[in-house]
Amino acid sequence: MRDRNVYVAGAAGAAVAVLALFVFAFVFPVDWVVALVDQLDTSLLSAALRLSVPIAFAALGGIFAEKSGVINIGLEGLLIASAFTSIAVAWALQGSVAPTTAAWAGFGAAVLASTLLAALFAVVTIRYEADQIIAGLAVWLVALGFAPFASQIIWDSVNSPAVPTLNNWVAPGLVDIPVLGPAVFDSNPTVYLMLLAVPVSWYVLNRTAFGRWVRASGENPKALDTAGVNVRRVRYASVLLSGVFSGIGGAGLALGQVGQFIGSGQTMVAGRGWIGITAYLMGNYNPIGAFASSFLFAGLNALQFRVQQISELNIAPSLVQMVPFVAVIVVLALVGKTRIPDAAGDHYESGDD
Amino acid sequence: MTDDQSDAGGKDGADDQSAAGSEAAADAATTEVDDGDIPSWSESAASKIVTASAKERVFISVAAFLASVLVGSVLVYLSGLVVDCTSAGFLGSCYNPFLVYYFLFVDPFIGGFNVALVMKETVLLLFTGLSVAVAFRAGLFNIGSQGQLVLGGLATALALIFVAPLAPGGVLGTLVLVPFALLVGAVFGGLYAAIPGALKAYAEANEVITTIMLNFVATNLAFFLISTYYQDPESGSVQTVAIPEAARLKPIVPFFEGAQFSVLALLLGVGLVAGTFYVLANTAFGYDVRTSGLQAAAADYAGVDPKRLVVSSMTLSGALAGVGGAVYVMMVMARYRTGVPALGFDGITVSILAGNNPLGVIPAALLFGVMKAGSLSIDFSLGVPKQLVGVLRGLVILFVAMPEFFRLLARYTPYGPDADRAVATDGGDDDA
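Protein chains in written order, with my numbering: chain A, 1054 to 1406; chain B, 2 to 433.
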């Protein structure tokens, strides 16, 4: 409950801050405040939704895995693997098929690659009882090492050339709704997928038998076992699901936003998987809360890009780029004590195999 | 429980307890921690690896390394099928994995320049490997050695540039400036690591995520500070001006002439390894650190303030990384330049390969130093991307993470850790 209160307080605080900014800008028309308020428009909302995609999908995946008792700290690695695969496949196909087909093939391959990597993680942690945190770090570092290596092999550079991307879908009629219309209904397909996946995940987790199994597997695996459900199978399914979700997220980042793979430094994923983990902790393992948190972080990031362009502010870009990362740290400090599932992190031995 | 506690206090090499005992200790720690004072996401994780017996740890590290090399060979071979080349000489592949590993592991030892390169990488990895290992022993994951090294290095460079006009030259200057620089690096690295430590202790913020976020913050902060205030006007890249000549760590031995390697830095690194080992094994603080890593509840019971211990062990860990940053600045760049290599991440692999034992850091850092030097050879001589080392870095951790895999494997060979333990063949180390 405490977490939800913190969460509600945070949202209310953000709303009040934005409102105060508007009032302030109206009463005292200081140049840079006016310029900042000017940034809060429909296209910022749209950008925030687009930037939410990788974070929110990673968070959804993380919820399923951790609820089932497997802490998947390798989400960042899954995002890197899928972002790279989507670009590599779209690039390989671009000459021979239509651009849209190439992009969608890349999308499918990305989900497959991420799911396979998640399957490896599942086998390592569930079958071979690896330590979940270390195995998760390994998944991240393997992807972080492999993607630039493979880029170098394919493109002779850690960055790829531009590839065909997923084009926006415009929902006829709905797009004419003021404010919300252009922000939501002229969006990338992955944004629609996200807006669909969030409520569906909530429903599956809270209203279906599978969701009950997932929660029981993380809270009291013994009880689930006694009830005749195979705990391992539930955990495998949940971890694979985190791979599918992260795959969509990584492809959404690569094909829905950037249009190329960037493998230098922390790669183009740049911590979004870690931010996704923070998002679901902040949302207290609730898919809707996790989405809201992702949207908050993505909104900060979108605003950060804008702020860099406000000449009245004149802040160094490298300073503004820190804001989302600092926000993550502040949020973690505020919601640090989340109640993780009882059996999360523990290996479960059914005793009958 | 009492047995496990006394084991935890035993000398490092001597705690050759059975796998069954150590696993039980790890599990006990997990359950205890759940309702203890410092709930953690990572407690069980660290303790499992920390408590493996010494012999088992060596076996797992060696096996994990060989497995990584094997997987790496397959990857290299497959990459050779994709890449374009004039003659695909090895079974249709452009890359011959055997040749790749020759250049990766043997070539670095041929010639003074190559050996100096190996030593340079090894020295740098000693500091970050040690940094990660110390945190690990306390049950903490310090993924932020990179950021601590960056800020420690930056602070060192700026401090040296600041005091340069006041400092004497020559040998006297070196005697004054080098310890001063190391101190600055340690203080700033330590303070920067104290942040996630305090956040973990007092706000229960998971240190894996906070340290990774702080890596991004450190990189941006360094870029901001240099580009805004301390930019070298002569240079196109974002860097400070050069540090004073007297503060540069140069190769003293003629054999290494011209290399970015200093015997002094090597001695410092080895000295820190020995010092850390001594502190962990023989002091009250070290005892508290190890007990907390093994079994937080027991440490708490014994009167250790868990919150202060988290902060102090993270600070020590960060200070070691900061010293690494100082050495990087004085030995390699002679200034601070943005785009510091991923020494902190390599440090994670070094520490894990070393079984998080300070003494193990020396061979692990050397092994990794050889590979990093060799990666330049494979790129230069064979055209295999040097990023291969990044892949191996991850694979090693993946394999070390699954000791159960090797335990299963070992059952089918006469050499495994279970070979002399007839009763353990049924995998009696499970918690069922």
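Hints are supplied without guarantee of correctness; some may be wrong.
Partner residues are not named here, just some residues of chain A that face chain B (Cβ under 7 Å, in silico) [unchecked claim]:
id, residue
1, Ala1158
2, Ile1179
3, Tyr1181
4, Glu1182
5, Asp1184
6, Ala1191
7, Val1195
8, Gly1198
9, Phe1238
10, Ile1368
11, Ser1371
12, Leu1372
13, Ala1380
14, Ala1386
Pair by pair, the computed Cβ-Cβ distance ranges are [what the hints assert, rightly or not]:
id, chain 1, residue 1, chain 2, residue 2, range
15, B, Ala55, A, Thr1154, 52 to 58 Å
16, A, Tyr1245, B, Gly340, 51 to 57 Å
17, B, Phe163, A, Asn1221, 50 to 56 Å
18, B, Phe381, A, Val1379, 37 to 43 Å
To spell it out: a stretch of chain A is covered by chain B in this simulated footprint if at least three of its residues, at any positions, have a beta carbon under 8 Å from a beta carbon of chain B; those stretches are [as the list claims (entries may be wrong)]:
id, region
19, 1200 to 1207
20, 1322 to 1333
I should point out that these hints are in silico values taken from the structure, not numbers from a laboratory.
Note that the structure is a prediction, hence the values are computed from the model and not measured.
From the three backbone atoms N, C-alpha and C, an ideal C-beta is built for every residue, glycine too.
Okay, the hints, checked on the actual structure:
1. Ala1158: violated, 18 Å
2. Ile1179: violated, 11 Å
3. Tyr1181: Since chain B brings a Cβ to about 4 Å from tyrosine 1181 of chain A, closer than 7 Å, the hint holds.
4. Glu1182: OK, holds: glutamate 1182 of chain A within 7 Å of chain B, min 4 Å.
5. Asp1184: holds, 5 Å
6. Ala1191: holds, 4 Å
7. Val1195: Interface hint status for valine 1195 of chain A: holds (3 Å vs cutoff 7 Å).
8. Gly1198: holds, 3 Å
9. Phe1238: violated, 34 Å
10. Ile1368: violated, 10 Å
11. Ser1371: holds, 4 Å
12. Leu1372: holds, 5 Å
13. Ala1380: violated, 9 Å
14. Ala1386: holds, 4 Å
15. B:Ala55 - A:Thr1154: 52 to 58 Å: At roughly 57 Å between Cβ atoms, threonine 1154 of chain A and alanine 55 of chain B fall inside 52 to 58 Å, so the hint holds.
16. A:Tyr1245 - B:Gly340: 51 to 57 Å: violated, 39 Å
17. B:Phe163 - A:Asn1221: 50 to 56 Å: Given about 53 Å between the Cβ atoms, the range holds.
18. B:Phe381 - A:Val1379: 37 to 43 Å: holds, 40 Å
19. 1200 to 1207: holds (count 6)
20. 1322 to 1333: holds (count 5)
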